[in-house]
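Chemist: Residue numbers (this note's numbering), protein chains in the order written: chain U, 197 to 459; chain L, 197 to 459; chain X, 197 to 459; chain H, 197 to 459.
If you are wondering where the hints come from, they were derived from the structure by calculation, not from laboratory data.
Some hints here could point you the wrong way.
As the list claims (entries may be wrong) - Just a sample of chain H residues kept apart from chain L, beta carbon distances all over 12 angstroms, derived:
#1 Arg203
#2 Leu207
#3 Leu210
#4 Trp231
#5 Thr238
#6 Val240
#7 Ser301
#8 Asp358
#9 Leu365
#10 Val375
#11 Val435
What the hints assert, rightly or not - Derived DEER-like restraints, expressed as beta-carbon distance ranges:
#12 U:Val315 <-> L:Gly247: 28 to 38 angstroms
#13 X:Gly266 <-> U:Ser301: 54 to 64 angstroms
#14 U:Leu237 <-> H:Val241: 54 to 64 angstroms
#15 U:Gly307 <-> H:Gly304: 19 to 29 angstroms
#16 L:Ala397 <-> U:Arg260: 41 to 51 angstroms
#17 U:Ala251 <-> H:Val254: 35 to 45 angstroms
#18 X:Pro229 <-> H:Pro364: 42 to 52 angstroms
Since the structure is predicted, the reported quantities are computational estimates derived from the model, not experimental observations.
Idealized CB from N, CA, C, for every residue including glycine.
Number of protein chains: 4
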Amino acid sequence: MRWEERREVVLGVLALLFLGAYAWPILDPGLDPGWERACRLTQVVVWVAFGADFALRVAAAPARARWVRGHLLELALLVLPVLRPLRLLVLLTLLRAINRGGAVSLRGRVGVYVGAGSVLVGLVAALSVLEAERGAPGATITGFGDAVWWACTTMTTVGYGDTYPVTPLGRTIGVGLMVAGVALLGAVTATAAAWLVQAVAEEEAEEAAEEAAQEAAEEAAQVAAVGARDPGAELLREVRALRAEVAALRGRPDPGRDGNLQQ
Amino acid sequence: MRWEERREVVLGVLALLFLGAYAWPILDPGLDPGWERACRLTQVVVWVAFGADFALRVAAAPARARWVRGHLLELALLVLPVLRPLRLLVLLTLLRAINRGGAVSLRGRVGVYVGAGSVLVGLVAALSVLEAERGAPGATITGFGDAVWWACTTMTTVGYGDTYPVTPLGRTIGVGLMVAGVALLGAVTATAAAWLVQAVAEEEAEEAAEEAAQEAAEEAAQVAAVGARDPGAELLREVRALRAEVAALRGRPDPGRDGNLQQ
Amino acid sequence: MRWEERREVVLGVLALLFLGAYAWPILDPGLDPGWERACRLTQVVVWVAFGADFALRVAAAPARARWVRGHLLELALLVLPVLRPLRLLVLLTLLRAINRGGAVSLRGRVGVYVGAGSVLVGLVAALSVLEAERGAPGATITGFGDAVWWACTTMTTVGYGDTYPVTPLGRTIGVGLMVAGVALLGAVTATAAAWLVQAVAEEEAEEAAEEAAQEAAEEAAQVAAVGARDPGAELLREVRALRAEVAALRGRPDPGRDGNLQQ
Amino acid sequence: MRWEERREVVLGVLALLFLGAYAWPILDPGLDPGWERACRLTQVVVWVAFGADFALRVAAAPARARWVRGHLLELALLVLPVLRPLRLLVLLTLLRAINRGGAVSLRGRVGVYVGAGSVLVGLVAALSVLEAERGAPGATITGFGDAVWWACTTMTTVGYGDTYPVTPLGRTIGVGLMVAGVALLGAVTATAAAWLVQAVAEEEAEEAAEEAAQEAAEEAAQVAAVGARDPGAELLREVRALRAEVAALRGRPDPGRDGNLQQ
Numbered sequence: 197m198r199w200e201e202r203r204e205v206v207l208g209v210l211a212l213l214f215l216g217a218y219a220w221p222i223l224d225p226g227l228d229p230g231w232e233r234a235c236r237l238t239q240v241v242v243w244v245a246f247g248a249d250f251a252l253r254v255a256a257a258p259a260r261a262r263w264v265r266g267h268l269l270e271l272a273l274l275v276l277p278v279l280r281p282l283r284l285l286v287l288l289t290l291l292r293a294i295n296r297g298g299a300v301s302l303r304g305r306v307g308v309y310v311g312a313g314s315v316l317v318g319l320v321a322a323l324s325v326l327e328a329e330r331g332a333p334g335a336t337i338t339g340f341g342d343a344v345w346w347a348c349t350t351m352t353t354v355g356y357g358d359t360y361p362v363t364p365l366g367r368t369i370g371v372g373l374m375v376a377g378v379a380l381l382g383a384v385t386a387t388a389a390a391w392l393v394q395a396v397a398e399e400e401a402e403e404a405a406e407e408a409a410q411e412a413a414e415e416a417a418q419v420a421a422v423g424a425r426d427p428g429a430e431l432l433r434e435v436r437a438l439r440a441e442v443a444a445l446r447g448r449p450d451p452g453r454d455g456n457l458q459q
Numbered sequence: 197m198r199w200e201e202r203r204e205v206v207l208g209v210l211a212l213l214f215l216g217a218y219a220w221p222i223l224d225p226g227l228d229p230g231w232e233r234a235c236r237l238t239q240v241v242v243w244v245a246f247g248a249d250f251a252l253r254v255a256a257a258p259a260r261a262r263w264v265r266g267h268l269l270e271l272a273l274l275v276l277p278v279l280r281p282l283r284l285l286v287l288l289t290l291l292r293a294i295n296r297g298g299a300v301s302l303r304g305r306v307g308v309y310v311g312a313g314s315v316l317v318g319l320v321a322a323l324s325v326l327e328a329e330r331g332a333p334g335a336t337i338t339g340f341g342d343a344v345w346w347a348c349t350t351m352t353t354v355g356y357g358d359t360y361p362v363t364p365l366g367r368t369i370g371v372g373l374m375v376a377g378v379a380l381l382g383a384v385t386a387t388a389a390a391w392l393v394q395a396v397a398e399e400e401a402e403e404a405a406e407e408a409a410q411e412a413a414e415e416a417a418q419v420a421a422v423g424a425r426d427p428g429a430e431l432l433r434e435v436r437a438l439r440a441e442v443a444a445l446r447g448r449p450d451p452g453r454d455g456n457l458q459q
Numbered sequence: 197m198r199w200e201e202r203r204e205v206v207l208g209v210l211a212l213l214f215l216g217a218y219a220w221p222i223l224d225p226g227l228d229p230g231w232e233r234a235c236r237l238t239q240v241v242v243w244v245a246f247g248a249d250f251a252l253r254v255a256a257a258p259a260r261a262r263w264v265r266g267h268l269l270e271l272a273l274l275v276l277p278v279l280r281p282l283r284l285l286v287l288l289t290l291l292r293a294i295n296r297g298g299a300v301s302l303r304g305r306v307g308v309y310v311g312a313g314s315v316l317v318g319l320v321a322a323l324s325v326l327e328a329e330r331g332a333p334g335a336t337i338t339g340f341g342d343a344v345w346w347a348c349t350t351m352t353t354v355g356y357g358d359t360y361p362v363t364p365l366g367r368t369i370g371v372g373l374m375v376a377g378v379a380l381l382g383a384v385t386a387t388a389a390a391w392l393v394q395a396v397a398e399e400e401a402e403e404a405a406e407e408a409a410q411e412a413a414e415e416a417a418q419v420a421a422v423g424a425r426d427p428g429a430e431l432l433r434e435v436r437a438l439r440a441e442v443a444a445l446r447g448r449p450d451p452g453r454d455g456n457l458q459q
Numbered sequence: 197m198r199w200e201e202r203r204e205v206v207l208g209v210l211a212l213l214f215l216g217a218y219a220w221p222i223l224d225p226g227l228d229p230g231w232e233r234a235c236r237l238t239q240v241v242v243w244v245a246f247g248a249d250f251a252l253r254v255a256a257a258p259a260r261a262r263w264v265r266g267h268l269l270e271l272a273l274l275v276l277p278v279l280r281p282l283r284l285l286v287l288l289t290l291l292r293a294i295n296r297g298g299a300v301s302l303r304g305r306v307g308v309y310v311g312a313g314s315v316l317v318g319l320v321a322a323l324s325v326l327e328a329e330r331g332a333p334g335a336t337i338t339g340f341g342d343a344v345w346w347a348c349t350t351m352t353t354v355g356y357g358d359t360y361p362v363t364p365l366g367r368t369i370g371v372g373l374m375v376a377g378v379a380l381l382g383a384v385t386a387t388a389a390a391w392l393v394q395a396v397a398e399e400e401a402e403e404a405a406e407e408a409a410q411e412a413a414e415e416a417a418q419v420a421a422v423g424a425r426d427p428g429a430e431l432l433r434e435v436r437a438l439r440a441e442v443a444a445l446r447g448r449p450d451p452g453r454d455g456n457l458q459q
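Next comes chain U alone, as it looks inside the complex (with noise of 0.2 angstroms):
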């Protein structure tokens, strides 16, 4: 486990190394071609760190051809180099080690997935599609404010049409931030919808339980004013308040307990 742990902060400390290598001679386009060389280098060298910690992986694995073809999505980002921003998806990885610490309830780690997530793949959307669209005839992207603006337009997918990407790179990252932007919506609305659904289901249940403590209260004094010594009425009682019970949990009007009684 510790070990496992420090791979997870290395490997964060690294994608954030990564993000600022890439994020710089995006931001700055005059940057000095030294620095960019830096920059460029730093990637490759963060690129090799990820296949290494990759190729251990699938060494350590017992069955690696399974292994592999569970990680396909893995491979693709560290294999194509126009998914190249998303292997900063790596920092969500770091959620994972925040989450175990606290013991947060689902929604709870969902919502977080959700933000955090929503975070990075904005900011990663709004660095790449200012590398394709600035220069390009015709953008109406052409700073990183635009660029954060815009990416928050278009996952809201409240689309203003101020902004808008214009060359064909652009229009694709544009079109995998749509459908993320769906998928948030989705995940923002379905945790909402539980924990209304849960809501509604505890305060119901609530009332019920109510309902049905004032019913098996009324029902133990009646089996208590029949009273009995012997077993066999001890085991009728039991069984009555069984009944009872079950009725309750059903919710409705416990059925034989005024016919039977009265005998």
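Dock chains L, X and H against the given chain U, drawing on the hints supplied.
Modeler: Quick look at chains L, X and H alone, frame taken from chain U:
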């Protein structure tokens, strides 16, 4: 309770005062400087009152550090000048007072909060964006009507693009409003879903209850036909009826009924 | 019942008449003044008929003040001239008549209302916005085709921005349509969610029932092997079977089965 | 089964052929007239094949009139030339074949249909809108890239407004795509909600099961301490254990446990 209610009413009135003092100079750009100064003074006074309320509650809390940690959002609204207009959200606490009065269902309360919260957030955003955009070169939001129209198109994620913020501050307000819009969509959907899921479940439960009641009646008729005086038979009758109930609860025909009663 | 149905049909026919008299002058701006006057007269006649229907129902209600309070929306549609076109929503009551005929599920009824309500609201909004916008300087909605197209882009929250209202009245109609669009999205999502949640639950219940049936069969075989004639043993068999059922209901293996049957 | 599968594969291949013959003249406006005629011929041939398939199935149906009434949509796709491109939806039946192979969960199947259906509908809409818009005055959709980009912005309800249809046919296609987009959003949200509702319920059931198991263990220990040889006591033990189970099922502490065991 009485004291707490009075406090909420006072805060609500102060917030309305703040709303007036905040909105007037924005809505009337050619306001007399004397009145403008009066509005600023009113804002400061309300701010001081809110700060005093916060300080008093800190002082009254048993565990102060923990109390502050639980009210960080409130503290941020108080301290950060840029979040100033959001202080109006204190008006939502008035809703709490209203909700306390009637015995409203959870779904009803969510609906009231969603509706009133949407109107309040939209109004605040319209005022702030108008303040930020008015006079900016290339601005499309130049009057209060434009600002409200923009807030509506943004919160519902329609986003025609005839009006949109162009300044950094206006865009920041816009991002906040988009997030509110996504949350609004989620809440509306969730409320509808909770209602529908519950209504469908109730409709099915009714049908199941009718079937079970019929089955139980048939069962009771059979049991009555068998007849019996001795306590063992009575116990048997009780247990069989119970078993029929549990079977009905599981929603499948009682498996042992036919076989065991023929004996 | 018969009378009520006849009333609904008459109101529906009147609403269709109103639709024609409302739409014709809007769709054909160069309408002969005589015809235009006839249309206005028809609208007034239908309005008087609706008012008479409302008055009759008030008179027939046992608690009049309370009845009016429960029909405030209807009263507003009748009294406020700006809500005039929404009187067409009376056509939705025809759906109630249709739904009454077949035994439709709740979800089906919601679907019918959502579909027909969307079409009706969209049509009304398109007609009203066309009336409000036509002739306004800078208007982008200048024909019925544009108006319908605008209504569709607004209700689905797509909002391209090629057509949008520019007059205050047109924008007010637009805000109403956006709210309807959000509610539409919520209803569609909720219907889909209710279907899916239920279908998933049924699929799981089926699997659980199969497992439980298998378990119960094994249990029955064991019980049969034990065999017994005396009533005490019969009771034991009954209670054990019942316990297996409850255990199956809870979805976990019966804990006492193995231990108690070996005795 | 075998025959049905072969039929589906043949229809799928024909649909792919149709896709090619439909798409080629649209994508390459300067196509040689001979090739264009070949494409048209291919479309007619596929159409005849689909018609023959439909006729054969009508002939094979036991109740023909009822069968046709149940396949009205299919008939419309066959007869109405404007719905021609939607014949490609027959490709979705290939998914059925794929889904039949693996034991996929309902949610998984919904996901596959939503994903593949979205891509297919988007592709068909992009091709049709391109055919309708190309050459129209003021058109913003002039190439296949534009058309796909437009389809994506429409289905996700982003709607930047940089590309939008201007012809009546193009707008009709657009409305259909918007409705598909709303349904897509609903399906995505519903799938997410179903997953989350179920996961939350499972998490809670697990916690409840743990508590119940602990309670049952304590109960069993108490029962064992009481000890008993005679059948009456055994019966009592059974019924008490059962009652503890039912109480655990209702999720509240067994009310009669403490009182009855002390006797």
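Chemist: Does each hint hold? Answer for all of them.
Modeler: Results of checking the hints against the structure:
1. Arg203: 37 angstroms, holds
2. Leu207: 36 angstroms, holds
3. Leu210: 40 angstroms, holds
4. Trp231: 41 angstroms, holds
5. Thr238: Check passes; 42 angstroms lies beyond 12 angstroms.
6. Val240: 43 angstroms, holds
7. Ser301: 19 angstroms, holds
8. Asp358: 9 angstroms, violated
9. Leu365: Consistent with the label, H:Leu365 stays out of reach of chain L, its closest Cβ about 23 angstroms off (over 12 angstroms).
10. Val375: For H:Val375, whose nearest Cβ neighbour in chain L is about 16 angstroms away, the distance exceeds 12 angstroms, so it holds.
11. Val435: The claim breaks: H:Val435 does not keep its Cβ more than 12 angstroms from every Cβ of chain L (closest is about 9 angstroms).
12. U:Val315 <-> L:Gly247: 28 to 38 angstroms: 31 angstroms, holds
13. X:Gly266 <-> U:Ser301: 54 to 64 angstroms: 41 angstroms, violated
14. U:Leu237 <-> H:Val241: 54 to 64 angstroms: With a Cβ separation near 59 angstroms, U:Leu237 and H:Val241 satisfy 54 to 64 angstroms, so the hint holds.
15. U:Gly307 <-> H:Gly304: 19 to 29 angstroms: 24 angstroms, holds
16. L:Ala397 <-> U:Arg260: 41 to 51 angstroms: Holds: the Cβ-Cβ distance is about 48 angstroms, inside 41 to 51 angstroms.
17. U:Ala251 <-> H:Val254: 35 to 45 angstroms: 60 angstroms, violated
18. X:Pro229 <-> H:Pro364: 42 to 52 angstroms: Given a distance of about 30 angstroms, which is not inside 42 to 52 angstroms, the answer is violated.
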